[in-house]
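Whenever a hint applies, use it, and build me the whole structure from the sequences.
Residue strings, one per chain:
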Amino acid sequence: MKSFLPVVAATVVLAVLQLLLGTSEYFVYLTSLVGVNVVLAVSLNIINGMTGQFSIGHAGFMAVGAYVAGTTSLILKDDQLSFLPPAVSDQLFLLLALLLGGGTAGLFGFLVGLPSLRLRGDYLAIVTLGFGEIIRVVIQNSDGLSKSLGAVPGLSLVGSFVGKFGGALGVSGVPQRSTFFMVWFWVFVLVLLARRLADSSHGRWLKAIREDEVAAEAMGVDTTSYKVRAFVVSSFFAGIAGGLFAHFVPIINPGSFTFVKSMEVVVMIVAGGLGSTTGAIVAAVFLTLLPEGLRSLFLQLGGGDASLAQKVDQVRMPIYGVLLVLIMLTRSQGLFGTHEAWDLWKRRKPAEAKA
Amino acid sequence: MSPEALGKRPPREGLLEVDDLFVSYGPIAALKGVTLSVGQGEVVALIGANGAGKTSTLRAVSGLVKPAKGAVRFKGQALTGLKANQVVAKGLAHAPEGRGIFPNLTVQENLDLGAWLRKDGDAIAGDLEKCFSLFPRLKERRAQLAGTLSGGEQQMLAISRALMSRPTLLLLDEPSLGLAPQVTQTIFRILKDVNAQGMSILLVEQNAHLALGLAHWAYVLETGTLVLQGTGQELLASEAIRKAYLGE
Chain A
0 MKSFLPVVAA TVVLAVLQLL LGTSEYFVYL TSLVGVNVVL AVSLNIINGM
50 TGQFSIGHAG FMAVGAYVAG TTSLILKDDQ LSFLPPAVSD QLFLLLALLL
100 GGGTAGLFGF LVGLPSLRLR GDYLAIVTLG FGEIIRVVIQ NSDGLSKSLG
150 AVPGLSLVGS FVGKFGGALG VSGVPQRSTF FMVWFWVFVL VLLARRLADS
200 SHGRWLKAIR EDEVAAEAMG VDTTSYKVRA FVVSSFFAGI AGGLFAHFVP
250 IINPGSFTFV KSMEVVVMIV AGGLGSTTGA IVAAVFLTLL PEGLRSLFLQ
300 LGGGDASLAQ KVDQVRMPIY GVLLVLIMLT RSQGLFGTHE AWDLWKRRKP
350 AEAKA
Chain B
0 MSPEALGKRP PREGLLEVDD LFVSYGPIAA LKGVTLSVGQ GEVVALIGAN
50 GAGKTSTLRA VSGLVKPAKG AVRFKGQALT GLKANQVVAK GLAHAPEGRG
100 IFPNLTVQEN LDLGAWLRKD GDAIAGDLEK CFSLFPRLKE RRAQLAGTLS
150 GGEQQMLAIS RALMSRPTLL LLDEPSLGLA PQVTQTIFRI LKDVNAQGMS
200 ILLVEQNAHL ALGLAHWAYV LETGTLVLQG TGQELLASEA IRKAYLGE
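Chains as they are written, first to last, in numbering that gives the first Met the number 0: chain A, 0 to 354; chain B, 0 to 247.
Source of the hints: derived by calculation from the structure; they are not laboratory data.
Every clue listed holds true.
Taking lysine to aspartate or glutamate and the EDC-like style, the derived pairs with C-alpha atoms no more than 16 Å apart in a straight line are:
no., chain 1, residue 1, chain 2, residue 2
1, B, Lys89, A, Asp221
2, A, Lys260, A, Asp312
3, B, Lys82, A, Asp221
4, B, Lys65, B, Asp19
5, B, Lys138, B, Glu128
6, B, Lys82, A, Glu212
7, B, Lys138, B, Asp111
8, B, Lys65, B, Asp18
9, B, Lys68, B, Asp19
Values in this document were obtained by computation on a predicted structure and should not be read as measured data.
Listed below in structure tokens is the structure:
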């Protein structure tokens, strides 16, 4: 019962915030963007930070989630649960789409992770990069894939589903059902899970793999199995993030899920400190708001000329690069190292109790 | 093919049998037919120069590398083909070379990981106390990150962690590596106590003097093949060993 208490409390707080602020469009857009990036960073941190496996294909799993969830919602656009208020019914359909998207991404994580997690270090990085790109390129050519799948008996349904991906043009018209509440509900669920995982024996085994894989194996840890599990959880949440993303942007296309997106998430967790959930959150929030801040700064510099502000996206990566170099020079373990904000609180508590 | 034997080995109940073991890394053969055995309650040392195949033998026994040929039997059961994590469950604990502790976990967490396959919570607590009585230094530092320990303490931790799985056979790879002579002697004294309590040990060591002093039986390995075996005392006295490994 105790473990459900934080979820209930968070639900209430988020619902109140939703009622108070949920109507401001810019606020919802910005917080959704931040929330999606937090989910991406914290989930990547489970595999890269806690387990020490360097994966750089997170955008691929995000794409799977975005396309599956987005297309599901598109198909179910006009359905309503008549016994519920329309807003609530929308949220339930969104939840269903997200779970489908996350589940499919998790399945892809399993399929990719099973062969590739036997590799170590750079080799794993190359393979995950490759798979991320393969997923994107396959979606880009979804029309052909849809025809081929449609020709296979029993898979015609999957074929027509993939047919809605729209190739390079992408999917538009996904109902904009994403809300502040839904995004931050998932942020909360993931952070809670990451925190509990880090403190659990399961998490300790993951950390043992990070510290010394051979020694962990010599202790009797089935390293491949634990790495795959971490990878599946990580991919599932990347899929959730993608699903949420699909429900507040006007269009999703393969261009949103390139290698650059994967690197963005890697930069977040490296800057925040590999292995620190707090670091991932702080860096994700900061690096998401940074371009927004730059955009309004450029708007002022340009005297209201929007063309300068639009260049923000082009200078974003160089700025990330400089930031990362600076952090590596001055604090190579990242902002938080492997520390967590809640550890401070935990450490202070017994001290106070003694005093 | 068994090498020449110096001295007579007292008969013991068999525990580990390695039969004609071959290990290769790509085109390079590390072991070319190694046959050895460890009896119940026995300390067996495997000595030899760098690159002789000592570590490869241990790694093949504990399943960290797949042998190209040959068989490993433990308590009469074949271990060949099992993965490292399955071998641990059979009662072999491997303290790998270079200590292999988890530097960013605490001493306590390292020890907990050693016991991770076990379900008997009460007995684990008892074994933890036993480890702390063997190595009181670890008890003082149980909340400290293992990476901040001194080399000797790290080695103590590696041995304790292996003991925490309550093994029947302890595989130790170079416990003296990079340690001050005094610390090494402490560790070997403790290993003697551990063995006196009934633990069987297969020890790989470059420090032939210390290893032979502790071992009931020892094998000498040269470029992947066993060239000599005998009781620790006989080998220590042997002319060839004194020349090749003891620098006399």
